[in-house]
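A.B. asks: Each chain is listed here by its residues.
There are 2 protein chains.
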Amino acid sequence: MLQNNIVTAAFLVIGDEILSGRTADLNINFLAKNLTELGIILKEVRVVGDYENEIIEAVNALRLKYNYVFTSGGIGPTHDDISSLAIAKAFNQKLVLNSKAEEILYQFYGKNNVNEARLKMAMVPEFASLLDNPVSSAPGFFVENVFVLAGVPKIFQAMFNCCKTNLKFGNKIFSKEIVTNLMESIIAKDLTDLQNEYPNLSIGSYPFENGTSLVFRGVEPTIIDLAISKMSNNINKIKTNSIIEIK
Amino acid sequence: MLQNNIVTAAFLVIGDEILSGRTADLNINFLAKNLTELGIILKEVRVVGDYENEIIEAVNALRLKYNYVFTSGGIGPTHDDISSLAIAKAFNQKLVLNSKAEEILYQFYGKNNVNEARLKMAMVPEFASLLDNPVSSAPGFFVENVFVLAGVPKIFQAMFNCCKTNLKFGNKIFSKEIVTNLMESIIAKDLTDLQNEYPNLSIGSYPFENGTSLVFRGVEPTIIDLAISKMSNNINKIKTNSIIEIK
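Protein sequence lines, in the order shown, are assigned to chains Z and G. Residue numbers for the first sequence follow our numbering, beginning at 1 and rising by one. Residue numbers for the second sequence follow our numbering, beginning at 1 and rising by one.
One thing to keep in mind: the hints can contain errors.
As the list claims (entries may be wrong) - On the chain G side, residues computed to face chain Z include the following (Cβ under 10 Å):
{"no.": "1", "residue": "Val-48"}
{"no.": "2", "residue": "Tyr-109"}
{"no.": "3", "residue": "Gly-110"}
{"no.": "4", "residue": "Ala-117"}
{"no.": "5", "residue": "Ser-175"}
Just so you know, these hints were derived from the structure itself, not from any lab. All C-beta atoms, glycine included, are put in the ideal place defined by N, C-alpha and C.
The following block holds chain Z by itself, in its conformation from the complex (with noise of 0.2 Å):
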């Protein structure tokens, strides 16, 4: 429904305390609006354990559908930490000792606390390029379109900041909103009628306790600003005085 330039991007959350519900993810809301204040349109997310096999599985589906892919998670220094080694496995490289890396670590932590656990940290696919992690210092990295982050949120913001540089920007995709008391049903065969008189908005009718956000998106303000005033006009022909807002 959008236009040109469409940059697309997928998010692939690593991790089992996702799926057993111990954590509650933070980084799909994060990366969805970040990357939609740069015009990169998040395509698909997905969350899978701590398996190499469902890792590179989803790793590879999404690498050649979407013109990015950013991982969270399963980078640290214990053992089910496997994204890396997945990560290598799903590009059919070495996962090698970066010395790059290797060096941040011993400036953090010092030479004589650098233990195997954490020489893990700096073991990432031979051709990745590293991402800075300004929080813990354990860089992130990427391989071609996929970025490899951290799963603490914190760490995950910092480092996705640092992916910026690398990445191509779309259109910018502009968003206005009308908030009425009506019920959805009561609207919706207006709003079927703009949708389809606007095809490259995307037009979508979010209900809530007490009525209704119509939520219009495009690249262009000026369509989006006529869109919103024609519904807006429809619904002040349905009942007046029932829009809440326009924002």
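Please build the complex by placing chain G on the supplied structure of chain Z, with the hints as guidance.
C.D. replies: Leaving out everything else, chain G in the frame of chain Z:
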């Protein structure tokens, strides 16, 4: 890593609003926790937008791979609610007006208030069974092993409770946790050894600001207790008084 009897599930979140970042999903964590309670292992989550082909492709991939698939979103009255049609197509079934669902809407809204948009919510795949919606009446449904629920969290949760009578439960999965103020890289080696000693346990390590949570999951509480006891001893050997809590 977990033993028989294994029942698996996937969750397909349907909605542009999650992928654009407008709405933060609240259903993944709810479903993950509740399936875990029932001994059903959530193996995979996907989020796709309101695009028919993407929904069909995901439903068909997941329903063949896992015992159950749950979906959220896209069963309302507006043009962007396309889940029911997409799921009918995934099963090669017609989308038909379900007379029981129609009657439910008549009862709830009053016969004169059921317009075309509302009637759309009574359209389900021809061989679907309905799922009660105690919140806002318009029912969910299931076809074979695919359970189709609303996206609004309050309704999603109520519908999920109505699914339970149709689910086979797996072995209850027990979970216990050691919280320590040691960093995970300090205890990583002991943890790896323990995981190798107890392959039927799923042992996860989750760092937080000032320490690490070690989560032991499995179907036999006595085995979990044994592993917890061994790891506690190991941690005390590394540094006394570094266990914050066992819960």
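A.B. asks: Against each hint, give a clear statement of whether it holds in the structure.
C.D. replies: Against the structure, the hints:
no.: 1; hint: Val-48; result: holds, 6 Å
no.: 2; hint: Tyr-109; result: holds, 8 Å
no.: 3; hint: Gly-110; result: violated, 13 Å
no.: 4; hint: Ala-117; result: holds, 3 Å
no.: 5; hint: Ser-175; result: holds, 7 Å
Hint 3 alone, counting from the list given before, is not met by this structure.
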